[in-house]
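Number of protein chains: 2
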Amino acid sequence: MLKIGIIGLGTVGSSVVKILKENKDIIRSRAGVEIVPAIGVARNLQKHQDLDIVLSDNADDVLEDDSIDMVVELIGGVERAYEIVKKALKKGKSVVTANKALLAYHRYELQEIANSQGFGFEASVAGGIPIIRSLREGLSANQIISIKGILNGTCNYMLTKMINEGVSFSEVLKEAQELGYAEVDPTFDIGGFDASHKLLILASIAYGIDAKPEDILIEGIEAINSDDIFFAKEFGYNIKLLAIAKKDGNKVELRVHPALIKKEQMIAKVDGVMNGVSVVGDFVGETLYYGAGAGGDATASAVVSDIISIARGESTPMLGFKKLITNELSLVEADLIETEYYIRMSVEDEVGVLSKISSIFTDYNISIDSFLQKSSKNSGRTSLLFSTHKCQERKIKEALEKIEKLHFVKDKPSMIRIED
Amino acid sequence: MLKIGIIGLGTVGSSVVKILKENKDIIRSRAGVEIVPAIGVARNLQKHQDLDIVLSDNADDVLEDDSIDMVVELIGGVERAYEIVKKALKKGKSVVTANKALLAYHRYELQEIANSQGFGFEASVAGGIPIIRSLREGLSANQIISIKGILNGTCNYMLTKMINEGVSFSEVLKEAQELGYAEVDPTFDIGGFDASHKLLILASIAYGIDAKPEDILIEGIEAINSDDIFFAKEFGYNIKLLAIAKKDGNKVELRVHPALIKKEQMIAKVDGVMNGVSVVGDFVGETLYYGAGAGGDATASAVVSDIISIARGESTPMLGFKKLITNELSLVEADLIETEYYIRMSVEDEVGVLSKISSIFTDYNISIDSFLQKSSKNSGRTSLLFSTHKCQERKIKEALEKIEKLHFVKDKPSMIRIED
Numbered sequence: 003m004l005k006i007g008i009i010g011l012g013t014v015g016s017s018v019v020k021i022l023k024e025n026k027d028i029i030r031s032r033a034g035v036e037i038v039p040a041i042g043v044a045r046n047l048q049k050h051q052d053l054d055i056v057l058s059d060n061a062d063d064v065l066e067d068d069s070i071d072m073v074v075e076l077i078g079g080v081e082r083a084y085e086i087v088k089k090a091l092k093k094g095k096s097v098v099t100a101n102k103a104l105l106a107y108h109r110y111e112l113q114e115i116a117n118s119q120g121f122g123f124e125a126s127v128a129g130g131i132p133i134i135r136s137l138r139e140g141l142s143a144n145q146i147i148s149i150k151g152i153l154n155g156t157c158n159y160m161l162t163k164m165i166n167e168g169v170s171f172s173e174v175l176k177e178a179q180e181l182g183y184a185e186v187d188p189t190f191d192i193g194g195f196d197a198s199h200k201l202l203i204l205a206s207i208a209y210g211i212d213a214k215p216e217d218i219l220i221e222g223i224e225a226i227n228s229d230d231i232f233f234a235k236e237f238g239y240n241i242k243l244l245a246i247a248k249k250d251g252n253k254v255e256l257r258v259h260p261a262l263i264k265k266e267q268m269i270a271k272v273d274g275v276m277n278g279v280s281v282v283g284d285f286v287g288e289t290l291y292y293g294a295g296a297g298g299d300a301t302a303s304a305v306v307s308d309i310i311s312i313a314r315g316e317s318t319p320m321l322g323f324k325k326l327i328t329n330e331l332s333l334v335e336a337d338l339i340e341t342e343y344y345i346r347m348s349v350e351d352e353v354g355v356l357s358k359i360s361s362i363f364t365d366y367n368i369s370i371d372s373f374l375q376k377s378s379k380n381s382g383r384t385s386l387l388f389s390t391h392k393c394q395e396r397k398i399k400e401a402l403e404k405i406e407k408l409h410f411v412k413d414k415p416s417m418i419r420i421e422d
Numbered sequence: 003m004l005k006i007g008i009i010g011l012g013t014v015g016s017s018v019v020k021i022l023k024e025n026k027d028i029i030r031s032r033a034g035v036e037i038v039p040a041i042g043v044a045r046n047l048q049k050h051q052d053l054d055i056v057l058s059d060n061a062d063d064v065l066e067d068d069s070i071d072m073v074v075e076l077i078g079g080v081e082r083a084y085e086i087v088k089k090a091l092k093k094g095k096s097v098v099t100a101n102k103a104l105l106a107y108h109r110y111e112l113q114e115i116a117n118s119q120g121f122g123f124e125a126s127v128a129g130g131i132p133i134i135r136s137l138r139e140g141l142s143a144n145q146i147i148s149i150k151g152i153l154n155g156t157c158n159y160m161l162t163k164m165i166n167e168g169v170s171f172s173e174v175l176k177e178a179q180e181l182g183y184a185e186v187d188p189t190f191d192i193g194g195f196d197a198s199h200k201l202l203i204l205a206s207i208a209y210g211i212d213a214k215p216e217d218i219l220i221e222g223i224e225a226i227n228s229d230d231i232f233f234a235k236e237f238g239y240n241i242k243l244l245a246i247a248k249k250d251g252n253k254v255e256l257r258v259h260p261a262l263i264k265k266e267q268m269i270a271k272v273d274g275v276m277n278g279v280s281v282v283g284d285f286v287g288e289t290l291y292y293g294a295g296a297g298g299d300a301t302a303s304a305v306v307s308d309i310i311s312i313a314r315g316e317s318t319p320m321l322g323f324k325k326l327i328t329n330e331l332s333l334v335e336a337d338l339i340e341t342e343y344y345i346r347m348s349v350e351d352e353v354g355v356l357s358k359i360s361s362i363f364t365d366y367n368i369s370i371d372s373f374l375q376k377s378s379k380n381s382g383r384t385s386l387l388f389s390t391h392k393c394q395e396r397k398i399k400e401a402l403e404k405i406e407k408l409h410f411v412k413d414k415p416s417m418i419r420i421e422d
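Taken in sequence, the protein lines are chains A and B.
The opening position of the first sequence corresponds to residue 3 in the working numbering, with each subsequent residue numbered one higher.
The opening position of the second sequence corresponds to residue 3 in the working numbering, with each subsequent residue numbered one higher.
Note that these hints are calculated values from the structure, not bench results.
Don't take every hint at face value.
All copies of an identical chain are treated as equivalent in the list; a pair is satisfied when it fits inside any one copy or across any two copies.
To be verified - Here are the simulated lysine-lysine pairs, DSSO-like style, with alpha carbons at most 30 angstroms apart:
1. 325 with 20
2. 20 with 376
3. 265 with 235
4. 235 with 412
5. 264 with 235
Between the sequences and the hints, there should be enough to build the whole structure, so can you do that?
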């Protein structure tokens with residue numbers, strides 16, 4: 003018998019208790035041992051009376067109890083969760099967590115102390131999709147060339163509605179909030195921060211690279227408007243918030259931003275609240291993983307799969323490396339990233355506009371791939387929509403700063419990166 | 003150091019040697035130990051001189067050598083491979099195989115003798131896609147409600163061409179043969195047998211159910227014609243060869259056949275030579291796995307991932323069950339399967355045709371969902387295309403036998419199952 007203490011009884015924690023009870027028989031036959039949710043820790047005990055589990059409002063009732071073999075940490079946040087998990091590991095308990103923020107900041111420290119007793123975190127990235135295992139075990143023969151993930155269901159729901167139904171950003175945000183897909187303060191999701199935490203976890207497994215959210219390029223979807231949607235449809239693109247990790251030689255790019263991707267790509271077909279991760283390995287080519295990235299039951303499915311793996315006695319190295327590689331890989335500075343760009347600007351309709359803008363692009367050696375001009379009926383303004391060939395991020399930024407200063411340019415020009 | 007003997011040096015075997023050499027450093031850091039392809043066994047040694055590995059034409063040079071820790075079996079076929087793998091396991095060596103036929107017939111016997119020393123077979127299903135691990139580990143918390151797999155790249159390539167480009171079955175078969183996607187004798191692929199082997203492996207992990215290819219419904223794609231393609235497009239379907247495992251109560255359906263599936267479903271978007279597997283679990287909902295299902299490098303990626311897992315000391319139960327479940331699940335007889343059907347028949351154009359056919363459907367309690375009549379310009383014949391509501395396979399078959407006997411019905415009526 004394996005006794006589990008669950009710290010945090012929100013939607014995921016409650017689902018963990020439910021799965022362990024409802025699927026008890028098949029879980030026992032798969033794990034080889036009975037798995038018992040012995041105690042649940044929550045702030046408000048009244049709320050959880052129906053869960054049929056011993057309740058406590060003190061995490062130490064789990065951590066100090068030597069009969070508890072495993073701690074499931076589901077309180078979220080960084081520092082308190084870190085203290086709890088460290089204490090559990092030091093007491094010799096195994097740990098399962100769904101906490102992406104904890105791992106975004108402390109995965110390497112945790113790897114040091116986790117060692118052999120088992121540390122599962124499948125639920126921290128892409129909910130129910132077994133992407134951690136796939137990357138760490140299924141693709142372990144490969145140098146990972148790239149990872150492109152749709153890792154935030156809120157953003158994907160909103161962008162899908164905007165592109166398929168022409169709904170505006172503010173309308174769809176309101177709708178997502180009403181449906182419970184977006185928080186009252188949606189910044190963490192729509193600003194790309196949630197996806198960046200998950201990206202850092204995947205990048206550690208792929209590349210053994212240490213970085214914090216502060217170190218990488220993170221842009222949200224707030225600035226996407228109907229002109230962008232128009233351009234995307236016109237040129238056969240979809241718009242997705244992508245979390246991207248890419249290796250080129252001994253450099254690794256890590257970035258989160260909205261991206262234009264060709265509609266025919268498999269990852270472009272991941273719509274609505276669903277998550278999807280495309281991984282390209284040097285021998286396997288592209289593989290893609292799709293499923294529910296959030297929700298109590300899907301996330302709890304991943305938590306319980308980790309519990310079962312630990313019960314089975316599996317001992318995969320936490321971040322996939324048995325021996326730390328003397329890591330010659332380093333992070334590319336955001337300004338040095340090279341990609342294709344889509345650029346949007348709003349101008350007053352007057353003679354010579356296009357030639358002045360073009361000459362600035364030429365000065366920065368930026369070569370234009372396609373161009374669309376779209377006049378707005380009432381405002382007397384015109385939207386100019388460009389896409390470029392590959393160029394350096396810094397050059398684009400400098401060119402756009404210069405263009406912004408032209409007297410006929412209204413608002414700040416904006417850009418979306420294009421991913422092949 | 004872990005020394006490996008590779009028996010079979012075809013495209014996959016050669017790729018295994020190549021990966022172990024080219025990705026040696028990252029593999030060592032992931033596995034925690036150096037992995038050395040020590041000896042390769044092939045019939046024609048001359049062909050493999052460029053591989054930079056000790057060669058032999060005698061499998062016993064691997065099996066009898068106590069310094070070899072692991073055997074990679076890549077000769078294919080059932081009985082000789084079974085003897086080799088048994089001998090290796092009995093000698094205490096771990097085994098990795100890509101051999102779906104071996105597992106379709108002997109997986110339970112192999113599980114008995116494999117026990118603790120490690121037995122990997124990720125490469126036996128869907129090439130480079132880590133579907134074995136995902137099902138056995140990533141989704142282990144779930145009762146598996148259904149598996150729907152596009153597990154044969156040849157069929158998927160052909161069906162994609164037929165539906166997207168209107169190419170006929172015989173033309174696309176010829177083209178697939180020229181491109182090396184289809185064998186000279188393509189029966190094993192296009193008849194659904196290859197997919198059935200893979201399905202049985204997945205079904206063992208999902209349900210612990212024992213069955214052989216002979217026990218299940220297997221239909222190929224040979225009968226699909228341009229009328230079927232026309233109907234599919236008209237009603238928003240795609241046609242895929244699906245390998246299906248489904249649980250309903252204590253009954254399990256296992257079947258391989260072409261199926262009409264709505265274009266919006268994620269699995270319907272898996273095109274060309276690619277494979278895809280959709281798995282629905284009771285808590286996780288739908289997850290889908292996509293990638294290259296064949297080819298030397300992709301398959302070898304899976305083989306090497308198994309080698310690394312065994313080197314890491316993982317000990318997941320081979321078919322996912324630590325304790326055999328006293329399995330109350332049993333196979334549904336093919337005739338008792340219930341689904342929706344699409345039916346095609348060719349008739350001479352005369353009065354009363356439709357009413358006579360309709361009355362037979364009514365006799366068998368088969369209710370029609372949609373109907374299309376399509377006249378052929380020259381032949382004087384008309385194609386009648388129906389789709390039905392859910393009904394039992396036996397009733398459809400009996401009704402079609404009766405319809406076939408009507409004097410105005412030309413050729414044997416045919417049907418394709420519809421999957422929601």
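Now the hints, each set against the structure:
no., hint, result
1, 325 with 20, "between (38 angstroms within a copy, 22 angstroms between copies)"
2, 20 with 376, "neither (54 angstroms within a copy, 53 angstroms between copies)"
3, 265 with 235, "both (9 angstroms within a copy, 20 angstroms between copies)"
4, 235 with 412, "within (24 angstroms within a copy, 47 angstroms between copies)"
5, 264 with 235, "both (10 angstroms within a copy, 23 angstroms between copies)"
When held up to the earlier numbered hints, the structure conflicts with hint 2 and nothing else.
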